[in-house]
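Listed below, chain by chain, are the residues.
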Amino acid sequence: MSAFDLIAGVLLVASALAAVTLKNAVHAGLALVGNFLVLATVYFALEAQFLGWIQIIVYAGAVMVLFLFVIMLLFDAKADVGTGRMPWMRPLAAALAAVFFLALAYAFSGVGPVHPLAEIKLAGGLPGPLGRLLYGPWLYVVLLIAVLLFAATVAAVVLVQPGVRGARKKPQVLERERELGEVDR
Amino acid sequence: MSYYLLLSALLFAIGLYGVLARRTAILIFMSIELMLNAANLAFVAFARNSGNLDGQVMALVVIALAAAEVAVGLGIIVAVFRARSSTSVDDLAELRG
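Going down the list, the sequences are from chains A and B. According to numbering that gives the first Met the number 0, the first sequence holds residues 0 to 184 in order. According to numbering that gives the first Met the number 0, the second sequence holds residues 0 to 96 in order.
There could be a bad hint or two in this list.
[Unchecked claim] Not the full set, but computed from the structure, chain B residues with beta-carbon under 8 Å of chain A:
| id | residue |
| --- | --- |
| 1 | A12 |
| 2 | Y16 |
| 3 | I25 |
| 4 | A78 |
| 5 | T86 |
Since the hints were derived computationally from the structure, they do not count as laboratory data. The model shown is predicted, which means the values in this text are computed figures rather than measured ones. Here a beta-carbon is modelled for each residue, glycine too, at the ideal position from N, C-alpha and C.
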């Protein structure tokens, strides 16, 4: 384990803790950006160069900007809101997270070290070798993701359109409601 | 290499704590992103461990899924805010329109 691993680990855990505990939502979002950037450097260290750049562009760039934009749009910077229906939730959440971590650590303890015979064929995780996989055995996954992204774009536009909230009622339903209203009168 | 797997487990647990303890929809969402990234770190660590690029392809797929999820999720949050003037999950406990 090198010094880089240690520093990256400390930074990752610290920024993640800041992201889930800070009282100001904008601060929490910026901590999350820091977490994503450190994670990108870890990807570089693990021979995943293309993934590292995608992490910076998509996550630290697009996704987090969207988050910060929505936080500021909704004037929702105060993170500690709510009526506190379940005040015992916080310690319970901490206990559950600890138990879950222990379970995961136990599960990972079975994973052996790097197999000495398995040659490393990652090629630095550059776009060329990755693309040969993406457009080879993973082609159907890429197509499905294309459909999903299209559906998500349409859904996002429809959801935030002011005019179409509330289900459109069929003419028959409207007529029936009018009849019922006349009976009530 | 199991160091990064442990780190990914720790990040996932922190994200789980955030999902359970936060009371605002946006911050719960950010904790979910943290959990997705922890899973990605595990994928990349496994790819490095086995010398196989498939793990990195899977991480790429997860990033694309997360982008779609963020678009829809933030759309829902904005729509809910318009209807209720709040994003606190305590105020949204009833499933009435």
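Can you give the numbers of the hints that this structure goes against, from lowest to highest? Of the numbered hints, all hold.
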